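Here the protein sequences line up with chains A and B, keeping their order. In case it helps, the numbering used here puts the first sequence at residues 1 to 192. In case it helps, the numbering used here puts the second sequence at residues 1001 to 1518.
There could be a bad hint or two in this list.
What the hints assert, rightly or not - Think about it this way: if two alpha-carbon atoms lie no more than 25 Å apart in a straight line, the pair counts; the simulated SDA-like pairs of lysine to any residue are:
| hint | chain 1 | residue 1 | chain 2 | residue 2 |
| --- | --- | --- | --- | --- |
| 1 | B | Lys1475 | A | Leu167 |
| 2 | A | Lys41 | B | Gly1090 |
| 3 | A | Lys41 | B | Glu1372 |
| 4 | A | Lys41 | B | Pro1471 |
| 5 | A | Lys41 | B | Phe1405 |
| 6 | B | Lys1475 | A | Leu169 |
| 7 | A | Lys41 | B | Gln1241 |
| 8 | A | Lys41 | B | Cys1160 |
| 9 | A | Lys41 | B | Lys1475 |
| 10 | A | Lys41 | A | Leu74 |
| 11 | A | Lys41 | B | Trp1474 |
| 12 | B | Lys1475 | B | Phe1405 |
| 13 | A | Lys41 | B | Leu1030 |
| 14 | B | Lys1475 | A | Ser101 |
| 15 | B | Lys1475 | A | Gly171 |
These are computed hints drawn from the structure, not numbers from a lab. It should be emphasised that the depicted structure is a prediction, and the values quoted were computed from it without experimental measurement.
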Amino acid sequence: MMVLPLVTSVALALLGPAGGRGDSQDVAALRDQGLYALALKQAQALDDPTERSREMLEVLYHAGDLAGALGAGLTGLEVAPDDRLLLWRSARLATDLAAASAALDLARRLAREVELLASQPGVEASTSQWWLDTSAVMLEEALQLGELREQQAGARGRARWGALLGLVLLGALATWATQCSGPAQQGGRARV
Amino acid sequence: MVVELAAVRLLAPWFGASTGVWTNVIGVILLALAVGYVCGARLSMSGSPDRRLGFALVAGCLLTAVLPLVAGWVAGTFMPAGLALDEAAGLMLWGSLASSLVLFAPVAALLGCGCPLAVEALQVGSGGHAGTAGGRVLGMSTLGSLVGTFGTTHWLLPSCGLKGTFHVAAACLGLAGVVLLLRTRTPRASTVMLVLVALGAASTLMPESGSLAPGSGWEVLDQRQSEYQRLAVLQDVDGGQRRLVANEALDSFQSVWSAQTGLLGGGQYYDYFALPAWWAEPQERWDVLILGMGAGTAVRVLEGALPNGVELCSIGVEIDPVVVELGELYFELQTDGPGRRVLAGLDARAALLGVESPQDLVIVDCYANNMEIPPHLCSVEFFGEALGVLGTGGFLMVNAAGFGFDDPVVDALGRTLAQASGAEVLALRVPFSRNCVLVARVGLPVPRPGALGWDIGGAVGRALLPALEIPSAWKLVEPPPGDMRAPGAQVLTDDRNAMDRLQRASLRAGRQRWVVGA
């Protein structure tokens, strides 16, 4: 989780120049100085909704509000559903926060976008390879999380059925014991 | 009673030892005993009751002896590895119920059979009234339970360990069973005895299935069974960090150790206990009372994070003496010496009565079974007593584990603390964590982002404050209006304390409420 900021700069470089970089750079500079409250204000004022979500996600992530950062990422994806950076960062956060269904959905969407990117002519091989590797890791982690959820659901089912079966067995045993203890059998052994 | 008391410890590495787990184990054992009594009554009507009693005891011995060996496999079926505490919470009740039924119901039912069989055998053997025989058996079994209750808690578990406790119980059952079989001249009774001795010897050599398995990258340095919990000290493979974990542990831990004193970083709530000393700017010494000290993490953080020239004087209260022992061994905890005092084996509330005041900071970090705040340590009366040992300007900080400010536990703790202090309480969301820290102050306004007194210099300020200044990182909680004892006031009192219910609600829906898309 903590390596995320280190690779973000790589991803941003791979994405190439984007509109409104000047404002984003201001946000990044404030964020790097640890002035998160100011950086967040600046990010919220950005015009481009995708850029706004990206920057809010980064500021909130660096300030340790992981759930808030994921919320910002998902808001941005409503406006730009195929934004690879938002998909990647949101998938990463959803996985770290163990939000299995969101993580799997985002990782799959990221994989689709990355496949599209790789098939486009003119995209540098190193860029598409980086995204392919990143996407594969995300999908793998999201699938593992989904598997854990399935195990959890399976264990819950086993526990409920196991408890029910145990109670039924005890009940059956008690019924057997009480039904067999009629007066006829008791009469066989007279007491003092 | 030996099996019953040790049963919860056996399940604790997977399901914890919460009230719900205790309820399940006791409920299953009572139900199985009842079924056993009925079955025993049925079996006592024909054949030789004392011989049947002998067989029941021998069978009970065998099942008791294998409990520590199979518990891991059974419990693991109902509790997959790798879950976080809140994710596992839903499985704990059903899983512990199912595991109890599989593991303990057969033993309890067999031992339940013993009671009517013993009554029958006594009456047949000595004559007299059924009531006389029944009364003697009940009297003896209740006395036996009494000995088992005290003996298990105070002698068997501490001196023999969990596996040893089950083996002692099994040996007692086996011995009684074999004696009965020999007395009734049962064919092959001596063979049964030899088989039991051989199996007993073999089972002591087999590994206990309940050993804590550390996650990848961690190794176990030590494991102990205390009167309260099962404890393990874990160290990461680099040796840079140690953790003290209890019972089921999952993703939570009681204490953490790092080679350096001072801030731990990485979203550890202990770091935020350093802030009040910077806000208050003490001149010479900083008196801190830590209720729920664990192995002393907060002390080590404060040792390295106070302003220059300020001496730390700490009193740590920890209910579990084994935790303190492990703290001394692995967490560099000083239990005496200048400026250090540890009150081990004391309840936090009881300890408050004997603590000298005024203190500058009281830290409340009292959890049982990883996630339970004992009701008497989160009431308005308790917070009032804790605030009472502070001088003017002193701080009270509470570690509130929950999912953000809307979490029912965090919300109730905040209101209760605000009610006790009669002033606004600052709630801080710990960055990179789901914990919150509540801050109350005596006689002065609590510092808040943007207000006078919030900003502090130095490395501590630079490391901790910026992340707390974004709007989602803090909140002021005001004392609730009206009568705190009115129903629905949502202030926890000694008389009305819904902490159990609040914590269940927090764990059940916390992550969904906290994380969009969870």
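Between A/Lys41 and B/Gln1241, does the CA-CA distance stay at or below 25 Å?
violated (37 Å)
Holds or violated: A/Lys41 to B/Pro1471, with C-alpha atoms at most 25 Å apart:
holds (10 Å)
With a cut-off of 25 Å on the C-alpha distance, tell me whether A/Lys41 and B/Trp1474 pass.
holds (16 Å)
What's the verdict on B/Lys1475 and A/Leu167, does the C-alpha distance respect the 25 Å limit or exceed it?
Outside the cut-off at roughly 48 Å; violated.
25 Å Cα cutoff - pair A/Lys41, B/Glu1372:
Answer violated: A/Lys41 to B/Glu1372 is near 38 Å, above 25 Å.
Compare the distance between the alpha carbons of B/Lys1475 and B/Phe1405 with 25 Å, and conclude whether the hinted pair is satisfied.
Holds, because 8 Å separates the two Cα atoms, which is no more than 25 Å.
With a cut-off of 25 Å on the C-alpha distance, tell me whether B/Lys1475 and A/Ser101 pass.
violated (30 Å)
Please verify whether A/Lys41 and B/Leu1030 have alpha carbons no more than 25 Å apart.
violated (61 Å)
For a C-alpha distance cap of 25 Å, please report whether A/Lys41 and B/Cys1160 respect it.
violated (62 Å)
Take a quick look at whether A/Lys41 and A/Leu74 sit within 25 Å of each other, Cα to Cα.
holds (19 Å)
Check the hint pairing A/Lys41 with B/Lys1475 against an upper bound of 25 Å on the C-alpha distance.
holds (18 Å)
Check the hint pairing B/Lys1475 with A/Leu169 against an upper bound of 25 Å on the C-alpha distance.
Answer violated: B/Lys1475 to A/Leu169 is near 53 Å, above 25 Å.
In this structure, the earlier hints numbered 1, 2, 3, 6, 7, 8, 13, 14 and 15 are contradicted, and the remaining ones agree with it.
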